[in-house]
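Novice: Using the hints, put the two standalone chains together into the complex.
So the sequences go chain by chain: U and Z.
To convert a position in the first sequence, counted from 1, into my numbering, add 13.
To convert a position in the second sequence, counted from 1, into my numbering, add 12.
These aren't lab readings, by the way, just hints derived from the structure by calculation.
The reader is advised that the hints may include incorrect statements.
Said to hold, decoys possible - Listed below are several chain Z residues computed to face chain U (Cβ distance under 7 Å; list not exhaustive):
| hint | residue |
| --- | --- |
| 1 | 34 |
| 2 | 35 |
| 3 | 104 |
| 4 | 108 |
| 5 | 110 |
| 6 | 111 |
Built from N, CA and C at the ideal position, the CB exists for glycine as well.
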Amino acid sequence: MLLSEAATTGGLFNLVPLVVFFPVIGLLINIIFGDRMGEKAIGIVASIAAGLSFVVAVLLAIALIGNHEGAVVHLFDWIHIGDLYIPWSFQVDTLSVTMMLVVAGVGTLIHIYSIGYMHDDVRFQGHPDAYKRFFVYMNLFIAAMMVLVSADNYLMLFVGWEGVGLCSYLLIGFWFDKGENGTGNATAGKKAFVANRIGDFGFLIAAFVMFWAFGTFTFNEVFEQAPAVAEAMPTVIMAIAIFMLIGVTGKSSQIPLYVWLPDAMAGPTPVSALIHAATMVTAGVYLVARSAALYTLVPEAQNIVALVGGVTALFAATIAVAQFDIKKVLAYSTISQLGFMVAAVGMGAFTAGMFHLVTHAFFKALLFLSSGSIILGLEHSHHHLEHDGKLPKSEAALDPQDMRNMGGLRKRMKTTFWVYLIGALALAGIPPLAGFFSKDEILTEAKVLNPTVYILLVIAAFFTAFYMGRQIFMVFFGKPRTESAGHAEERPAIITVPLIILATLSVTGGLLSLPGLHTFSHWLEHTLEHVHVEAFNIQVAAISTGLALVAFTLAYLLYYRRYQQQQSMPPAKRPDDPLRPMLGPVFTMLENKYWVDEIYWALFVNPYVNISRFLADIIDWNFWHDWFHNKVLARPFRLFARWTAWEFDLKVIDGIANWLGNTTISMGGSLRRIQTGYVRNYALAVFVGVVAIVTFLLLR
Amino acid sequence: MVPVSYYVALATILFTIGAVGVLVRRNAIVIFMSIELMLNAANLAFVAFAQAYGAMNGQIFVFFVITVAAAEVAVGLALIVAIFRTRRSINVDEMHELKG
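Excised from the complex, chain Z in its bound form (with noise of 0.2 Å):
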């Protein structure tokens, strides 16, 4: 057997690629696609904890947060068109209105 270690350390890399990326790219769908690594990586720790200790919890909580990141990437994208097809650029760095 794989042992849980190389699984949870395999998500760690993958989450902290996934938060340096929200931190450092400019562009909003990168961003998007940033966070999606991070969501999945969660998703792997935790199948990777309920292969190893036998609890079906953690599988079903993978469907919540497959669900969820589903509905939040439609909102995202859905927002994104509509900032773009104002301003036809995604630079986060140039949507600063709200400064205060």
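The following block holds chain U by itself, in its conformation from the complex (with noise of 0.2 Å):
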């Protein structure tokens, strides 16, 4: 039939500028109409939107299977000057869509979400119209994401990282008059693009070294010019590795510019559940994925990202154990699972990265729309309770992200507890859930690849189940700690039925690539072909298993046994978490994530600030402005104006036309007296003046 033909022609490829364009339409639509629209349908034609985009992407993959070549669709010729040609052309080959199907797949879901979820949290906010403006920046995300992935040169693969990088911070700060002193959120948001403007530099510069070197952008000219350009200057390809390393640690939150993630969870759920969990954050992944040419070429170069990767995850795996903002725990699973994409792709197990990233595209985007439904779970209880006047009063400001005030949720939110259960396992690699599959591809390969790097993942691995089941048990577990939380409710479907469909992915993602069959590894191996794929290893899957469960059983003595006693205890003596009294400063430590925030506040942001404000302050404007200008430039300037105006302009050109004014009037009142009126002096003059000219006349 028409389309299996089409697939095998390969003439599907050509609807691939159609991914960035659904989009781009649907925020148009909602930009131009949303305000006669209404919520309803400015949610749906933004879910259509993403939508489509994923049916696109389907058909591109259906067409990649008939044609595993790929293609590449050229729209328009963008920067032609003398040598420098940059076309606008999309890259279709089994890498890119594979993204492609993550983004729009996840992305669509999470909108459908949305809609439920933004129609709750406008009002909470109290801006009922910012609905509109939520989901024109969630399709502007879509489109620039997918200009990222889609793109088949470095330079339009940069337009579409700037352009994630800016919905991140108009989504991040959202609710801009909210937060910390009513700029918390503004803050958070201009901290991210800062941290990613840092990365980006290094981007631009790995960019400026690659088009010396190279004298091309396109990805398929420099991987073939790669190994000529490695002979002849190694140097040159490990500059391009490192400093391109610093745009994926801004971009994908890594050690050390990820310090901006745990403060992007200011912003809306979904928000965190698309951009800091599934899509954005993997962008430097997938740059690094596709410079595999680039990094194959540099051993010393993949030992670093592959090390930075792995003291990135088990840092950030540490930080999670003491946190108890639900999102900032995910947040720092989150630094910390990138932390183990990053190591994979480092060491040269490319499909191992690509698998965790779409595996965890779908739990981490689980746990966070889950962790949306019990935020607003609370939310409305705390506001019923509050209208019905049965609110207690230390209840008064209740933060209804942090786990201390949740517990019990297991009964109140049936739905919620098994879907997040479901995530939870797959993130702690449980099998046979997804988590498992990719989590192990990786610390295989790392085992036989980099040992130290799997020394390092291992550790951060137990941690990950640690706590993930100490999230459980808080928040499901146990007693209610708060009134809101004793009268929390299941959310209605549009929130759940996402979930129901993301935890069903979590639970069959395992499928992409089974051990053994390793379809998801020959998938990619039509684009990349570094592709290093181990045998099933028994016993790290063991191990790792092994390591996980105990991690649960740790949590559910310390969260579920003893946190249960420490409730019986006085409030004051009360602590608010078992492991505090355990490890005394080392939790503090942890809690405060090792003070990284206020040393570079210290070592960076201050000095800067100062700087700054000295530059602005003092030299321009006590010295330029106040003293130069005003005194050098302004004052001889304004004397010479006076001078001019009153001295020059006033006395002399004044005078000038005064004279001749005058002059007129008293020669007009002398000649006046010539007009006497009378008759008989004129006809004298006459006569006078005939005799003249006669006697002129005759006397010539």
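Specialist: Pasting the structure below:
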């Protein structure tokens, strides 16, 4: 039939620009007609736009099954200056289509979820008209991300890279007048943008070096020339790889630029799910996977990337253990899992990293959206209790995201509990859920390729299971610790159905690449030539699963048994977390995230702010503006202007004009006397004139 | 024959009297009469010379002068009547509104 024919001949590849255009059209419709359409219509338009993008991605995937090589679809010549030729072309291959499916698929589910979530959230925040703006930004994000993953050259990728950074800023600071001191959310958005920008600086340097060495930005051309350039100038490839790594640490929040992601939780929960879990943060991983041909030429750089990923994974996992905000735990978990992915693609296990990217998108989005469901449940019951006057005084200002205010939600929000449990088990890597297969593949590769990183990742995996167990037991088990938690209710279907779909994907996602079959690896092999697939190692799997179960048991003992015991202590002596008395100052250090933000503030931000304030206030304002402009420039000018106006213009010019006028008047006055009005005078004048002329003629 | 110079002398005397009359008299009608006198003095000179040199040009020209004089008098007297109607006087010394 037409579809399969088109699939095999590759005609479907030409649909790829639509993955960008559908969201753009969606956002344009919402911008122009949004105010007249009403909330439901806005949400539906945005979700359909994302959904159509997903449909196109599916069609592209079908086409790729028939035609593994993929294609480059040229849209128009973007930049053509002398030797610099950069087209706006889309690259359809297994790697980019994988990303497109993840972005559009998870994105559509999150759009649908947001229809219900934002309906409540805009009312809690008091800005009902913000609904339209949210969906415009979300569609803009999908469009930018699609540009990023479908680009066929580094510069177009950078356009998408910047675009998603912008959308991240807009969406983190969505409630821009809320947060600490009324500016907290806006500050978080600014922090994200600045941290990303520092990463972008690295990316740009890499791009400049690349152009200098290769003369082109197009992937295929760069990768073809790479071995030759590596022979001639090996340090150049190393430089490109390291600078690109800086970009990756910014966008995919690794050490040292990860600090923006926990603050980014200030944005609405769907934003955290889509941008800061499933899609934008994975752009760095995609970049390294795409540049596989470059990285495999410089093993030293690969080692650095893998170490960065591994250290970040462990570092973030330890912080997550001591966080109380439900979203912050998930944020640090994301940083940690991204560390896994970056370590994987750094080592050269590109398919393992991409596999984990896909499965992580499923269960992390699931976890974030479910946490949103919990937060809404608490907010709703808080609101109802307040309305009915049954709210205890201590709960008047309740933080709905603090896990210490939850408890016992298993009975009140059953669906959310089950999907959350599935997500947590998948994240911890319990077989047969999706996370087990992808994480296991990374660990197996690491044991062979980079044993140091393997150790780091295994320990990180232990902590992962521990903090997820902690979270499950604190939130869902035990007795509710506040009245709001005690009266929380399950959310409606528009919220729970996407959760169930994502949970199903988290369970079945492992099928993508079962050990032995490695379907996904073979799929990606068509694009990435250096696909290294280890055989299934039962020892690694057993160790990781065993550690996860041990961690869960530990979490159970601490956060179910001991926590319950501690609840019966008087409030003054009751610790808010069973680990605090056990770890003491270590716990405080973890809770304060190793004071990294404070260190950055003291080392970089504060001096910079002071320098800029000095330059602005002292140099620019006091010296330049006040002294130089006013005394040296303005005063002489003003004196000159005054002299020209009063002395010169008034006295001289006006004098000349007045003299002319006065002379004319006096001459007129004199000449006027000839006109006496007497006819006889005029006749006499005529007579005298005639006599004079005749005399003159006669005597001539 | 009477020599032409006698006629010319007479014309001159008439012209002078007319000129002086225009300059000196205050009554508008008298001024007009003086102007007529000047014109007719010129007519006399024309006719005298025409007869003396046998050319008809002088006599033809006198026709023109008489016609023009008549027209001019018609207009002028109409003006004087109009002025008299408003001012009840035709003393030219009193008509000096157009002075500068």
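Novice: Take the hints in turn and mark each one as holding or not.
Specialist: Hint-by-hint comparison with the structure:
no.: 1; hint: 34; result: 5 Å, holds
no.: 2; hint: 35; result: 6 Å, holds
no.: 3; hint: 104; result: 5 Å, holds
no.: 4; hint: 108; result: 3 Å, holds
no.: 5; hint: 110; result: 5 Å, holds
no.: 6; hint: 111; result: 3 Å, holds
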